[in-house]
Amino acid sequence: MTTSTLNQEGRSLQRLRMQFAYNELKEKSGGKDIKARLKGLPVALRMNGLAVVGAQLCASSEYKDRAIGEMLAEWLLKECPINLFTKKGGPSRDRPLKRLLEACISAKRTEYEAAQMEALAFLEQAKLIAEALWSED
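Quick note: the sequence shown uses our numbering, first residue 1, plus one each step.
Among the hints, erroneous ones may be present.
Claimed, not checked - No more than 27 Å apart at the CA atoms, straight line, and that leaves these computed lysine-lysine pairs for DSSO-like: (1) LYS78 <-> LYS39; (2) LYS98 <-> LYS26; (3) LYS108 <-> LYS32; (4) LYS108 <-> LYS78; (5) LYS26 <-> LYS108; (6) LYS28 <-> LYS39; (7) LYS127 <-> LYS39; (8) LYS87 <-> LYS32; (9) LYS127 <-> LYS28; (10) LYS64 <-> LYS98; (11) LYS32 <-> LYS98; (12) LYS87 <-> LYS98; (13) LYS108 <-> LYS28; (14) LYS64 <-> LYS32; (15) LYS39 <-> LYS98; (16) LYS26 <-> LYS78; (17) LYS64 <-> LYS28; (18) LYS98 <-> LYS108; (19) LYS26 <-> LYS39; (20) LYS87 <-> LYS26.
What the hints assert, rightly or not - Computed spacing ranges between beta-carbons, pair by pair: (21) LYS87 <-> LEU133: 27 to 35 Å; (22) THR110 <-> SER135: 31 to 39 Å; (23) MET117 <-> GLY40: 33 to 41 Å; (24) LEU16 <-> GLN56: 34 to 42 Å; (25) LEU16 <-> SER61: 17 to 25 Å; (26) LEU128 <-> THR86: 27 to 35 Å; (27) GLU136 <-> GLU113: 31 to 39 Å; (28) LYS108 <-> LEU16: 31 to 39 Å; (29) LEU133 <-> SER106: 16 to 24 Å; (30) ILE105 <-> MET47: 14 to 22 Å.
Quick caveat, the hints were computed from the structure, so don't treat them as lab data.
Beta carbons are placed, not taken as given, at the ideal position from N, Cα and C, and that holds for glycine.
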(Lines of atoms letter the chains of each structure in order from A; the text may use other names.)
(Lines give C-alpha, C1' and ligand atoms only; values in the text may rest on other atoms or scores of the structure.)
Protein backbone atom coordinates (compact mmCIF):
# COMPACT_ATOMS: atom_id res chain seq x y z
CA MET A 1 0.00 0.00 0.00
CA THR A 2 1.16 3.49 -0.74
CA THR A 3 1.16 6.34 1.73
CA SER A 4 -1.59 7.98 -0.31
CA THR A 5 -3.79 4.89 -0.02
CA LEU A 6 -3.23 4.72 3.74
CA ASN A 7 -4.11 8.40 4.13
CA GLN A 8 -7.29 7.97 2.09
CA GLU A 9 -8.32 4.93 4.12
CA GLY A 10 -7.51 6.74 7.36
CA ARG A 11 -9.64 9.69 6.37
CA SER A 12 -12.41 7.34 5.35
CA LEU A 13 -12.30 5.56 8.71
CA GLN A 14 -12.31 8.92 10.47
CA ARG A 15 -15.36 9.98 8.45
CA LEU A 16 -17.17 6.71 9.23
CA ARG A 17 -16.43 7.19 12.95
CA MET A 18 -17.78 10.73 12.81
CA GLN A 19 -20.93 9.68 10.96
CA PHE A 20 -21.66 6.85 13.36
CA ALA A 21 -21.01 8.96 16.47
CA TYR A 22 -23.07 11.86 15.12
CA ASN A 23 -26.03 9.64 14.21
CA GLU A 24 -25.94 7.97 17.62
CA LEU A 25 -25.43 11.11 19.71
CA LYS A 26 -28.03 13.30 18.01
CA GLU A 27 -30.73 10.84 19.08
CA LYS A 28 -29.70 10.73 22.75
CA SER A 29 -31.44 12.56 25.54
CA GLY A 30 -29.37 14.03 28.36
CA GLY A 31 -26.86 15.50 25.96
CA LYS A 32 -25.13 17.80 28.45
CA ASP A 33 -24.48 14.88 30.82
CA ILE A 34 -23.17 12.76 27.96
CA LYS A 35 -20.95 15.64 26.82
CA ALA A 36 -19.52 16.06 30.32
CA ARG A 37 -18.85 12.32 30.67
CA LEU A 38 -17.19 12.10 27.25
CA LYS A 39 -14.69 14.79 28.25
CA GLY A 40 -12.94 12.50 30.73
CA LEU A 41 -13.20 9.15 28.97
CA PRO A 42 -10.19 9.44 26.64
CA VAL A 43 -7.92 10.12 29.62
CA ALA A 44 -9.50 7.27 31.59
CA LEU A 45 -8.98 4.96 28.62
CA ARG A 46 -5.30 5.90 28.34
CA MET A 47 -4.75 5.38 32.07
CA ASN A 48 -6.83 2.26 32.71
CA GLY A 49 -7.36 0.48 29.41
CA LEU A 50 -10.40 -0.51 27.40
CA ALA A 51 -11.45 -3.45 29.57
CA VAL A 52 -11.48 -1.37 32.78
CA VAL A 53 -13.31 1.57 31.22
CA GLY A 54 -15.77 -0.82 29.60
CA ALA A 55 -16.38 -2.54 32.93
CA GLN A 56 -16.94 0.81 34.65
CA LEU A 57 -19.44 1.89 31.99
CA CYS A 58 -21.18 -1.49 32.15
CA ALA A 59 -21.44 -1.45 35.96
CA SER A 60 -22.81 2.08 36.10
CA SER A 61 -26.52 2.64 36.56
CA GLU A 62 -26.35 6.10 34.98
CA TYR A 63 -27.93 6.61 31.56
CA LYS A 64 -24.97 8.60 30.23
CA ASP A 65 -22.55 5.75 30.98
CA ARG A 66 -24.77 3.07 29.44
CA ALA A 67 -25.43 5.22 26.36
CA ILE A 68 -21.74 5.92 25.77
CA GLY A 69 -20.67 2.36 26.55
CA GLU A 70 -23.19 0.74 24.26
CA MET A 71 -22.38 3.21 21.47
CA LEU A 72 -18.67 2.41 21.83
CA ALA A 73 -19.31 -1.35 21.92
CA GLU A 74 -21.56 -1.17 18.88
CA TRP A 75 -18.84 0.67 16.97
CA LEU A 76 -16.02 -1.68 17.95
CA LEU A 77 -17.92 -4.94 17.51
CA LYS A 78 -20.25 -4.24 14.61
CA GLU A 79 -19.92 -0.94 12.77
CA CYS A 80 -16.16 -0.42 12.55
CA PRO A 81 -14.96 -1.57 9.11
CA ILE A 82 -11.79 -2.99 10.68
CA ASN A 83 -12.33 -6.42 12.21
CA LEU A 84 -10.69 -5.79 15.59
CA PHE A 85 -11.56 -9.01 17.41
CA THR A 86 -11.49 -12.61 16.18
CA LYS A 87 -14.00 -13.42 18.94
CA LYS A 88 -16.87 -10.93 19.21
CA GLY A 89 -17.91 -11.77 22.76
CA GLY A 90 -21.00 -13.49 24.08
CA PRO A 91 -24.35 -14.30 22.51
CA SER A 92 -26.10 -11.58 20.53
CA ARG A 93 -28.84 -11.38 23.17
CA ASP A 94 -26.27 -9.93 25.59
CA ARG A 95 -25.92 -6.17 25.77
CA PRO A 96 -23.25 -4.88 23.39
CA LEU A 97 -21.10 -3.67 26.28
CA LYS A 98 -21.05 -7.11 27.91
CA ARG A 99 -20.04 -8.63 24.57
CA LEU A 100 -17.25 -6.05 24.31
CA LEU A 101 -15.96 -6.97 27.77
CA GLU A 102 -15.88 -10.64 26.84
CA ALA A 103 -14.12 -9.81 23.56
CA CYS A 104 -11.50 -7.77 25.45
CA ILE A 105 -10.86 -10.56 27.91
CA SER A 106 -10.49 -13.25 25.24
CA ALA A 107 -8.58 -11.07 22.73
CA LYS A 108 -4.99 -11.57 21.75
CA ARG A 109 -2.72 -8.75 22.89
CA THR A 110 -2.46 -7.23 19.41
CA GLU A 111 -6.25 -7.33 18.97
CA TYR A 112 -6.79 -5.72 22.35
CA GLU A 113 -4.27 -2.96 21.67
CA ALA A 114 -5.78 -2.26 18.23
CA ALA A 115 -9.27 -2.11 19.73
CA GLN A 116 -8.05 0.20 22.47
CA MET A 117 -6.48 2.55 19.92
CA GLU A 118 -9.68 2.55 17.86
CA ALA A 119 -11.75 3.16 21.01
CA LEU A 120 -9.56 6.15 21.85
CA ALA A 121 -9.96 7.61 18.35
CA PHE A 122 -13.72 7.01 18.52
CA LEU A 123 -14.12 8.64 21.95
CA GLU A 124 -12.05 11.67 20.90
CA GLN A 125 -14.31 12.19 17.89
CA ALA A 126 -17.49 11.55 19.88
CA LYS A 127 -16.31 14.14 22.40
CA LEU A 128 -15.94 16.75 19.64
CA ILE A 129 -19.36 15.95 18.22
CA ALA A 130 -20.98 16.15 21.65
CA GLU A 131 -19.36 19.54 22.22
CA ALA A 132 -20.74 20.75 18.88
CA LEU A 133 -24.23 19.34 19.48
CA TRP A 134 -24.62 20.58 23.04
CA SER A 135 -22.43 23.67 23.16
CA GLU A 136 -23.36 26.62 25.31
CA ASP A 137 -24.25 29.37 22.85
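Against the structure, the hints:
1. LYS78 <-> LYS39: 24 Å, holds
2. LYS98 <-> LYS26: 24 Å, holds
3. LYS108 <-> LYS32: The given pair, whose Cα atoms are some 36 Å apart, is violated under the 27 Å limit.
4. LYS108 <-> LYS78: 18 Å, holds
5. LYS26 <-> LYS108: Violated, because 34 Å separates the two Cα atoms, which is more than 27 Å.
6. LYS28 <-> LYS39: 17 Å, holds
7. LYS127 <-> LYS39: Given pair LYS127, LYS39 holds - Cα atoms ~6 Å apart, limit 27 Å.
8. LYS87 <-> LYS32: Outside the cut-off at roughly 34 Å; violated.
9. LYS127 <-> LYS28: This hinted pair holds, its Cα atoms lying about 14 Å apart.
10. LYS64 <-> LYS98: 16 Å, holds
11. LYS32 <-> LYS98: 25 Å, holds
12. LYS87 <-> LYS98: Holds - the C-alpha atoms of LYS98 and LYS87 are around 13 Å apart, at most 27 Å.
13. LYS108 <-> LYS28: Status violated; Cα separation ~33 Å.
14. LYS64 <-> LYS32: Distance of about 9 Å is within 27 Å: holds.
15. LYS39 <-> LYS98: Judged against 27 Å, a Cα distance of about 23 Å means the pair holds.
16. LYS26 <-> LYS78: Roughly 19 Å between the alpha carbons, so the hint for LYS26 and LYS78 holds.
17. LYS64 <-> LYS28: Holds - the C-alpha atoms of LYS28 and LYS64 are around 9 Å apart, at most 27 Å.
18. LYS98 <-> LYS108: 18 Å, holds
19. LYS26 <-> LYS39: 17 Å, holds
20. LYS87 <-> LYS26: 30 Å, violated
21. LYS87 <-> LEU133: 27 to 35 Å: At roughly 34 Å between Cβ atoms, LEU133 and LYS87 fall inside 27 to 35 Å, so the hint holds.
22. THR110 <-> SER135: 31 to 39 Å: 38 Å, holds
23. MET117 <-> GLY40: 33 to 41 Å: 19 Å, violated
24. LEU16 <-> GLN56: 34 to 42 Å: The hint (34 to 42 Å, Cβ to Cβ) is violated, given that LEU16 and GLN56 are roughly 26 Å apart.
25. LEU16 <-> SER61: 17 to 25 Å: 31 Å, violated
26. LEU128 <-> THR86: 27 to 35 Å: 31 Å, holds
27. GLU136 <-> GLU113: 31 to 39 Å: Taking Cβ atoms as reference, GLU136 and GLU113 lie about 37 Å apart, which means the hint holds.
28. LYS108 <-> LEU16: 31 to 39 Å: Between LYS108 and LEU16, where Cβ atoms are some 24 Å apart, the hint is violated.
29. LEU133 <-> SER106: 16 to 24 Å: Between LEU133 and SER106, where Cβ atoms are some 35 Å apart, the hint is violated.
30. ILE105 <-> MET47: 14 to 22 Å: Because 19 Å falls inside the window, the suggested range holds.
In the structure shown, a violation is registered for the earlier hints numbered 3, 5, 8, 13, 20, 23, 24, 25, 28, 29, in ascending order.
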